[in-house]
Every structure is written in structure tokens, then in C-alpha cells.
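Residue strings, one per chain:
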Amino acid sequence: MNDIGFSILSALIVLPAVGAAAVAVVSRRRPEVARQVALLSTVLTAALAFWLVADFESGEAGFQYTEAVEWIPSLGIAWRLGVDGISLFLVVLTGLLFPIAILGATPHHDHKPYYAWLLLLQAGCMGVFLATDLFLFFVMFEIVLVPMYFLIGGWGYGERVYAATKFFLFTMLGSAFMLVAIIALAVLNQRAVGGDLTFELMALATNQGIGQETARLLFSGFAVAFAVKVPLFPLHTWLPDAHTQAPTAGSVILAGVMLKLGTYGFLRYCVFLFPEAADWAGPVLVTLAVIGITYGAVVAAVQKDLKRLVAYSSVAHLGFIVLGTFALTTQSMQGAVLQAVNHGISTPALFLLVGFLYERRHTREIAALKGLQKAAPVMAAVFTLVMLSSIGVPGLNGFAGEFLILIGSFLTYRWWTVVAVVGVILASVYLLWAFQRVFHGEPDGDNASIKDLTVREGLVLAPLLGLIVFLGVYPKPVLERIEPSVDTLIAHVEAGSDYTQPPVAIGGGAGGGGAAIDGAETIEPGTVTVLDDEDEGEGG
Amino acid sequence: MLAAMLAQIERIDTPSVDWGALAPLLALMVGAALMLLVDGLVTAKVPRGLYAGVTVALALGSMGAAVPLWREVQDADRGPFGVLAGAIGIDGFSVFFIFVIGAAVILSALLADGYLRREGLEGVELYVLILLSASGGLIMAAANDLIVTFLGLEILSIAVYVLAAMHRRRRGSQEAALKYFVLGAFSSAFFLYGIALVYGATGTTRLDGIAAYVGPAGSGGATFSGDVSPSQILGGAAGTPALLLAGLALLLVGFGFKVAAVPFHSWTPDVYQGSPSPVVAFMASGVKAAGFAGLLRVFLEAFGGYRDDWRPFVYVLAVATLVVGAVLAAVQTDVKRMLAYSSINHAGFVLLGVQAASDRGTSAALFYLAAYTFMVAGSFGIVTLVSRRGDGATTVEDFRGLARRQPAVALTFTLFLLAQAGVPLTSGFFAKFEVLQAAVDADAAWLAVVAMVTAVIAAFLYLRIIGAMYLGDAPAEGEADGRADLDRGRVPLGAGIALVIAAAFTLVVGLFPEPLAQTADDATPDAVATGRDPARGGEPVAAP
Numbered sequence: 001m002n003d004i005g006f007s008i009l010s011a012l013i014v015l016p017a018v019g020a021a022a023v024a025v026v027s028r029r030r031p032e033v034a035r036q037v038a039l040l041s042t043v044l045t046a047a048l049a050f051w052l053v054a055d056f057e058s059g060e061a062g063f064q065y066t067e068a069v070e071w072i073p074s075l076g077i078a079w080r081l082g083v084d085g086i087s088l089f090l091v092v093l094t095g096l097l098f099p100i101a102i103l104g105a106t107p108h109h110d111h112k113p114y115y116a117w118l119l120l121l122q123a124g125c126m127g128v129f130l131a132t133d134l135f136l137f138f139v140m141f142e143i144v145l146v147p148m149y150f151l152i153g154g155w156g157y158g159e160r161v162y163a164a165t166k167f168f169l170f171t172m173l174g175s176a177f178m179l180v181a182i183i184a185l186a187v188l189n190q191r192a193v194g195g196d197l198t199f200e201l202m203a204l205a206t207n208q209g210i211g212q213e214t215a216r217l218l219f220s221g222f223a224v225a226f227a228v229k230v231p232l233f234p235l236h237t238w239l240p241d242a243h244t245q246a247p248t249a250g251s252v253i254l255a256g257v258m259l260k261l262g263t264y265g266f267l268r269y270c271v272f273l274f275p276e277a278a279d280w281a282g283p284v285l286v287t288l289a290v291i292g293i294t295y296g297a298v299v300a301a302v303q304k305d306l307k308r309l310v311a312y313s314s315v316a317h318l319g320f321i322v323l324g325t326f327a328l329t330t331q332s333m334q335g336a337v338l339q340a341v342n343h344g345i346s347t348p349a350l351f352l353l354v355g356f357l358y359e360r361r362h363t364r365e366i367a368a369l370k371g372l373q374k375a376a377p378v379m380a381a382v383f384t385l386v387m388l389s390s391i392g393v394p395g396l397n398g399f400a401g402e403f404l405i406l407i408g409s410f411l412t413y414r415w416w417t418v419v420a421v422v423g424v425i426l427a428s429v430y431l432l433w434a435f436q437r438v439f440h441g442e443p444d445g446d447n448a449s450i451k452d453l454t455v456r457e458g459l460v461l462a463p464l465l466g467l468i469v470f471l472g473v474y475p476k477p478v479l480e481r482i483e484p485s486v487d488t489l490i491a492h493v494e495a496g497s498d499y500t501q502p503p504v505a506i507g508g509g510a511g512g513g514g515a516a517i518d519g520a521e522t523i524e525p526g527t528v529t530v531l532d533d534e535d536e537g538e539g540g
Numbered sequence: 001m002l003a004a005m006l007a008q009i010e011r012i013d014t015p016s017v018d019w020g021a022l023a024p025l026l027a028l029m030v031g032a033a034l035m036l037l038v039d040g041l042v043t044a045k046v047p048r049g050l051y052a053g054v055t056v057a058l059a060l061g062s063m064g065a066a067v068p069l070w071r072e073v074q075d076a077d078r079g080p081f082g083v084l085a086g087a088i089g090i091d092g093f094s095v096f097f098i099f100v101i102g103a104a105v106i107l108s109a110l111l112a113d114g115y116l117r118r119e120g121l122e123g124v125e126l127y128v129l130i131l132l133s134a135s136g137g138l139i140m141a142a143a144n145d146l147i148v149t150f151l152g153l154e155i156l157s158i159a160v161y162v163l164a165a166m167h168r169r170r171r172g173s174q175e176a177a178l179k180y181f182v183l184g185a186f187s188s189a190f191f192l193y194g195i196a197l198v199y200g201a202t203g204t205t206r207l208d209g210i211a212a213y214v215g216p217a218g219s220g221g222a223t224f225s226g227d228v229s230p231s232q233i234l235g236g237a238a239g240t241p242a243l244l245l246a247g248l249a250l251l252l253v254g255f256g257f258k259v260a261a262v263p264f265h266s267w268t269p270d271v272y273q274g275s276p277s278p279v280v281a282f283m284a285s286g287v288k289a290a291g292f293a294g295l296l297r298v299f300l301e302a303f304g305g306y307r308d309d310w311r312p313f314v315y316v317l318a319v320a321t322l323v324v325g326a327v328l329a330a331v332q333t334d335v336k337r338m339l340a341y342s343s344i345n346h347a348g349f350v351l352l353g354v355q356a357a358s359d360r361g362t363s364a365a366l367f368y369l370a371a372y373t374f375m376v377a378g379s380f381g382i383v384t385l386v387s388r389r390g391d392g393a394t395t396v397e398d399f400r401g402l403a404r405r406q407p408a409v410a411l412t413f414t415l416f417l418l419a420q421a422g423v424p425l426t427s428g429f430f431a432k433f434e435v436l437q438a439a440v441d442a443d444a445a446w447l448a449v450v451a452m453v454t455a456v457i458a459a460f461l462y463l464r465i466i467g468a469m470y471l472g473d474a475p476a477e478g479e480a481d482g483r484a485d486l487d488r489g490r491v492p493l494g495a496g497i498a499l500v501i502a503a504a505f506t507l508v509v510g511l512f513p514e515p516l517a518q519t520a521d522d523a524t525p526d527a528v529a530t531g532r533d534p535a536r537g538g539e540p541v542a543a544p
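So the sequences go chain by chain: A and B.
Our numbering applies: residue 1 is where the first sequence begins, and numbers increase by one.
Our numbering applies: residue 1 is where the second sequence begins, and numbers increase by one.
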């Protein structure tokens, strides 16, 4: 365990909350001060998060920087925090995206509450990723709804109140089942094991004493909550509305961070707490994920609104992550964690670009935009890069994650994976087609005089672009931190159920397995060539 | 000869009265009587706010007198005891309700002050009635005898019937009072008939006597084995439990009416909508709490042995209450009606705790009631402010744009509504958490699921109000003159204090629920000593 003298994880949660309080006391007439305070708070948080990555013990599997402070001792509830390879990069993502969201978009009215809500949202998201106590986790998971509700409802577009309410109620309905499941898990655990009631994640996962049927039921309670949040296919309908109506910053956070609450929940809670049930429910969830991949892609292709298109693309991309999670192999899970980060980089960048476009043209309708490349070449170039990353072109970040998910899933869910690959192709269809309609051709009317990216906007996007390239070329620093935790998780699943990972995926001694694991670490030379053929096929 | 007669007189066995233990109750009752008397004698104009201040002081005095009682009943050496020959039980449970109901009195009295002035209503009556009603509530919580429970119920109810009609010039207020009275009288009749049947079956109205008759849980369980002969049903004191169960059912109806459980809820929306808003604040907090206090004590203490028989009924009652409350709340357009139906939904949540029929369930229900008292009193406090002169502007439209006109009021209301929706870091979340836990612990996990689904449905209505306040556009400036007061951001001092108290409680308990949870854990009802009063400060009470 790392001993660094102060509670860095608590600081990651408290700092934004304090920032929100500070924003709240700023005078209403000085919106620029509110902005500066918010920026300062998020930049500090981001700095802490990056420091955390650097200091993180990459070889260790368990939770690091753990903290535990009693909160409600009579119920075994405590402020327990910890970070491991699965949550580390989501924490960094949360740290990174908030300053970008603040810099990238300014609200048109009511600056003060806007920044306060954003900061509270950040505190909540950090809390979800860092909590290792089920009660605390639920509190954080649920509390993020309130700021997001107000952000969408207060600063969104068009049907914003409808979208905000839908978002709130869908998510709350999912969490309703999870709350009962959490309580039941703790109570039944106490009955089976004896001792005091506890909500500590590790205790509940390692010493559970719950029957198979019950565990499956409880698993379903958790799964519904996360499936809504991800969102998984039939429960996704809130997402396009929320994304389309949300302000740019809201979309950035929603896509970049909040959808990850669901995928993270699947990994951390569903799989970790109920390994047997995760194996049992795998076919259903994987099927839904694959449906989501293809359905999201097809629906995205026919969207008229650029933002809605990106929203549906999220449904497809997150399908991959769920596929990787429940395929339950080392590579697929690594891929799922990595892809969660990748999606959190490229999709926010797309939303920012769409937001910049909207500020210039006051429309997001694809049909109304044309030939923007002429007047805004830099924007077109940036858009191309981000789009290619989202498609999963080798050399950019999206490839590494998707590739790992696909090879990992192929071992356990062969035909599902085959269908999912179609989704990769469809992704290039809808994105390239949209790009073609918006940026190519001869500009007409207002499109001819559109302003190119400003330096400020460029700087906002720069970190995301840098990461897109960096993680595409050299994902090793990320993967080596993810891997131990994922390995432990898989081992936990194997210990807790009849499931064993197909031999080819097991790393270490076995010849074939070695290649697969190494593929994760050194993705550039060997493996990329193999995939290149496939990829050319997609492009064509 | 005379000496002999005197000696005989002295031998008459009158219970000694433990005035200290009755002080919380007497503070309210005597205070109310004195207020009424003084108001009648003094002809000079009373300074504004005096009555509200005195009411708050009396409630505080009552709570202050309860503090040593709490210490005493929690003291391991002394424990709970009976007063007035055991008719009144002083245990953690009854003392807990002194605080809950006292808080309800304070909040509604503070709200009433500004309200009465705005509506041009005068007089001391409202405060006196609130105090009397609260004393009835305390009696219900402490009663150790069904007859005393009934007395408390009637003192509570009759005062509230009149309170509902307090706004003399509003027809809605009169209508509410009449409806409440007629239906309330019915429920009292049910209740009384239930007592009669129970007495017929057991030969006593004492809770401890009934408990002794019923026996411990599981032993007496009136499991009907098919044929029941008429003689069995009418078997009298030594008969089978059929008569007793019929009485039990009637008592449940009586309590169900008071706590507004479905299907005995139909009065609630009309009465809440018509009654003066500060009075509704008291109805939804104090009266509901008292109803549940009676229900919990009678059912757990006297009929604990029959829990297997009454739990299914409470289960059904809880499901109906949860679902009907939430669904009908979502389709209302009047905020007062919405909150009325939502209070039905909340009653369903408390029934979850009752249904568990365990110490954990009781303490969860107590926590819920304490938390809900502040949330709902605060909510109706906001409604009081927004409803304007005439107390009629309570549609969702009237709340539109409130965040622009009065950001602080809107923010406070948002807090109360989110707490009612059960959003974490408010007292409402932990209250729900506790009752769910009790339900799961009592193997009623599906009931917990139903409850949470209805909580989501109810959240829709809270979001509608929040949405109207924040996200809707404000009506044109200066459109209504009556709004002028509100537009200038003037909140009457009393109402302001009440709202601050309620909001602070909601937040602080939301962040640190442990102290209240512990207190509620210590406040489950105990069987009090049956016999004579213990010598105060003397030897310990008969061991439990």
C-alpha cells in the first residue's frame, strides 16, 4: 500500500465539492470569477489525478491508496476508497474531461449555478470510481443524477426538460433495483457469515455465503442499473434525447464519464461480486451488447442531427465494452477497460467539435451543413483524426481497445464477435458518410464563411488529440496498469464459478497464450499487420 | 367511628400520579388551556407573533421535560415504567414521539404566524388546537391501554377537524373539515368497535393484558384450520382468536385511516387541498406520526404474538398504499394534492417498517417518521409561502419560474422534494434505506422492490415541480399583484426560521444519519410495568 501522507483519493472527491461551494459564494455579478474558480478547482483535481497515475504501483492488482473512515458504524457503512487498475484511468478521465468541458463551452446564462453543478458532478463521478463500499458507491452513483438533471434541464436545447426528466427517471428506476439488491446482499451476507453487517466491497465479494439462485437474482438487480446507465440495447432510449438536448459540456461529461459509470459498475460490481451469475448471464448480456452494436450503428447512420448521430455511435461503442466485459477473458476485459477510456477521449472530442460547429452555424442538421472543409480546414483535419479514432483505425487509440475486445471475445463468444465486427464496419460507414456530407463538396451560403477553429478551441482539443495518437501508438503504460487487476478479476471469477478461461487466452507458460497476452502489450508491430488486412476490408 | 371511616377512605386505592413523567404532556395541555383563557381575559391587542412564540416555547418546554425521561428510560438500572397505574407507558418509544410531534408543532406554529397575518385571520385558536392535537398524539404514543389510545386518538382528531376549517372565508377549508370529520368519525367508530371486540375476546383493554392473552409470537398464532363454529367465534373471553382477530382488523382500519393508508386514504387529497397550508403541514407530519405511533405500539406490543396473522394484511396494505399514492400523485396538477398523494406513498414506506414487525422495522419506521416530519412540514411551508393571499395558488403553474423570483425558496423546496424522492445525502434517502433494509431483513424483498419502483414514479412528480420552478419560464413580470410580496423576496420571519430548521435537519441527517438512527434504535416500544408506579428515584422498576 502506498503511504503518501495524505488522503489523495478523498482529495479527488472533496476538491471539486469545495470548488462547488466556492463557486456558490461568488457574487452573481462576476461570472468570470465563478469560471476561474471552477477552472482552478478542476485543474487541481486533474493534476492530482495525473500524479496518481505516475505514483500508482503498476504491478499490483489490489486496491491502492485505500482509506476507511467510519460513517455509519451501526450499519457497517464507511467512507472506504481505493483505486486499482480498473478504476485508475477512469479517475484520470474524470480529472481530464472536466477542465476541458469548462474551457470548451461557456454557458449562455446563469454562470454560477452552471459551474457549481458541474463541479458537484465531478465530485460524484470521482466518488463512484473510488468507492469500495457499496453504500457509498450507491450514494455517489445516485447523486450524480441531480447535477446532470439540472445541467441538461437548465442549459440544454429544445426539449431539455423532457430529456432531463427522462434521463433522471430511467437511471433512478435502474438504481431502485440495485438499492434493494445491495441491501439484500449485505443482509444475506450477514446471515450467512455472521458478524456485523457490512457494506465493504472486498468482504462481500470474498466471503459471501449466498446461494446460487439468490446470487443470480441479486446480479440481475445490479445489472439492470448498469444496463440503463451504459446504456444497453432496450434501455438506451434516454441517451439520444439526453445527448441531443444537453449543453456541450453536458454531452462531453455524459459520454466521457457518466456512461462509464455503467461499464465500470459491470466490471467492479456485477462480475466481481457475482462471478457465477456473470458467467450465467453472459449470453444474454453479450447478445444485448451485440444488438446494441449493430442497432446503434444502423440508427446512427440514418440520423439527420449530427449530435444524435454521435449519441447513437455511443450506444454502439459501449456495446463493445459490455461484450468485452462479459466475454470474461483477459484480453477482452483489458480491452473493455481500455476502450472505456478510449471512448471517453474520442467521443467527448466529437461532441466538442459538434458544439463548436453549432456555435458557428446554430444548427446541427447534417443536411444544412456542406463543404465546411473549404472554409475551415483545420477543423476538418481535427474532425478526421477524431473520427478515425472513433472508427478504430490502427495507430489511433480506438483500435487497441476494440481489437483486444474482439480477439478476447472470439474465444468465448465466437459468433457474437463475428456480428460485432460488422459493427466496426458500420461505424466507418456512418461516420465517414456524415463527414463526407458535412465537410466535402462546395460550401453554400453560411457554410462558405464559417470560421475555422480558434486557438482556444484548438488548445482545448489538443490534450484529447494527443492522447488519441499516444494511446494508439503506445498503449502499454495503460495496459500494464490495467492488467494485474483484470487478471485478478478473472481469477476471482474462475474461483467463484465453473467457468475457466479458454486455454489460449491464459498468459504465461503456454505458447499460444503468451502471444495473446503479449499482443496486449506490444500491439504495434506484429499484431497490427495481422489486422491490417481486415481493416483494409473495412475501409473499402 | 369517624376515625374508622377516615381510615377506610384512605384505603381507597388511587394511583399516585407521577407528575414528572406527565410533564411533557401537561405542558402542552395546560399551556393550551391557559393560552385560551388569557386570550379571553385580555382585551388589549396582543403583540404580533406572541402566540406563535408561546406555542413554540410550550413545545420546547415539553421536549425539554422529555430529556430527563429519555435518560431515565435508557438507563439500564431503571428502564421504562408505567404512569397512572400503567395506563400511560413511558419508554423510549413514547419519548421519541414527544420530540417528533413537538417538532411538528414548532414547525407548523412558525408557519402559521405569517399565514394568519397574510390571510387576515386572528386569534389564538389555531395554536391552541395544534397544541391540544399534539397532546392527543403524545397520549396515543404512550397509551398502554386501548381506551387511552382511543382518548388520544379523539383528542388528536377532533382538534384537527376544527383546524381544517380554520380558514373561515374559504369554502374549500369548510369542505375539507366536513369531509375529514365525517370520515374520521366513521374510522373512530371502527376503532371503538375493534376495542370492544378485543375486550370481548380477551377481557382486558390493557396492552400488556392482551399481550399476555395472545402469548409470545408463534405460540398463539391464530391459524384457522378450516371450520370455525359460531360458538368459537362468539366464544368470549376464553374463546378462540376469531373474535380477537376481527377486533384486530377493525383496529387496523382505524389506524389505517389516520395514517392515510390505501384503501382508507380517500379523504387525504381533498382535506390536504382544502385545509390551510400550515395546518396541512401539521397533519402530514404530527398527525401521521401519531397514527403510526399508535399503530406500532398496539400491533407490536399487544398483538406481537399474532404477527404472522397481521403481517400479510399490512403487506397488502403497504403495496396498495405505495402504488396508489405514487401513481395518483403523478397525475395531479395541484401541488397540494400532489404532496397529499405523495404523503400516502410515504405512509406506504413506513408500513414497510411496520410490516417487518421487528425491532429493526420499528426503528426504521421511527427514523422515517422523524425525517419525514421535517421534509413534509418544510414542503408545506413552501406551499404556504407560494399560495399567496387566499391560499389558493397551489397549481404547478403557480410554481413556474419560482427560481427566478425567489431563488432561496426554490432551492429549499428542491431540497425537500429531492429528500422526498430519496436522493442520497438527504434524510429521505437514509429513511428509505432503513425501511428497505428492515423489509429485506424480514424476508420481504419483493415488497422492497415494489416500494422502490413506486419511489421512482413519485420522483416524476417531484421533478415536475422542480422542473416548473427552475426550467420553466417565469410568468410575465408583475402579472399578479398578489405576487408582489413574494417577488420582493419577503419571507415571514417565522416561516423563514421553520424552513431553515427543516432544511438543516434534512441535510444534516442526510449526511450524518448515525445519531438519529441510534436514537430510533433505542426507541422501540417496551412492555411497561403493569402494576404500581415505581417510586421515582427509588428502587429500579420491576425487571422486564
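Note that these hints are calculated values from the structure, not bench results.
The beta carbon of each residue, even a glycine, is placed where N, CA and C say it ideally should be.
Please note that a few of the clues may not be correct.
Said to hold, decoys possible - Counterexamples of contact, computed for chain A against chain B with all Cβ distances above 12 Å:
#1 Q36
#2 E57
#3 Q64
#4 V146
#5 A164
#6 I182
#7 G445
#8 L465
#9 P484
#10 E494
Unchecked claim - A few chain B residues facing chain A, derived, Cβ under 7 Å:
#11 D441
#12 D443
#13 A445
#14 A448
#15 A459
#16 L463
#17 G467
#18 L471
#19 P513
Here is how each hint holds up against the structure:
1. Q36: Non-interface label stands for Q36 (chain A): nearest chain B Cβ at 22 Å, farther than 12 Å.
2. E57: Holds, since 32 Å exceeds 12 Å.
3. Q64: At roughly 26 Å from the nearest Cβ of chain B, Q64 (chain A) sits farther out than 12 Å, so the non-interface label holds.
4. V146: 6 Å, violated
5. A164: The assertion about A164 (chain A) is violated, with a minimum of 7 Å to chain B.
6. I182: Non-interface label fails for I182 (chain A): nearest chain B Cβ at 9 Å, not farther than 12 Å.
7. G445: G445 (chain A) is indeed farther than 12 Å from all Cβ atoms of chain B, at 32 Å.
8. L465: 35 Å, holds
9. P484: 32 Å, holds
10. E494: Holds, because the least Cβ-Cβ distance between E494 (chain A) and chain B comes to about 29 Å, which exceeds 12 Å.
11. D441: 5 Å, holds
12. D443: 10 Å, violated
13. A445: 5 Å, holds
14. A448: With Cβ-Cβ at 5 Å, under 7 Å, it holds.
15. A459: 6 Å, holds
16. L463: 5 Å, holds
17. G467: 5 Å, holds
18. L471: 4 Å, holds
19. P513: 6 Å, holds
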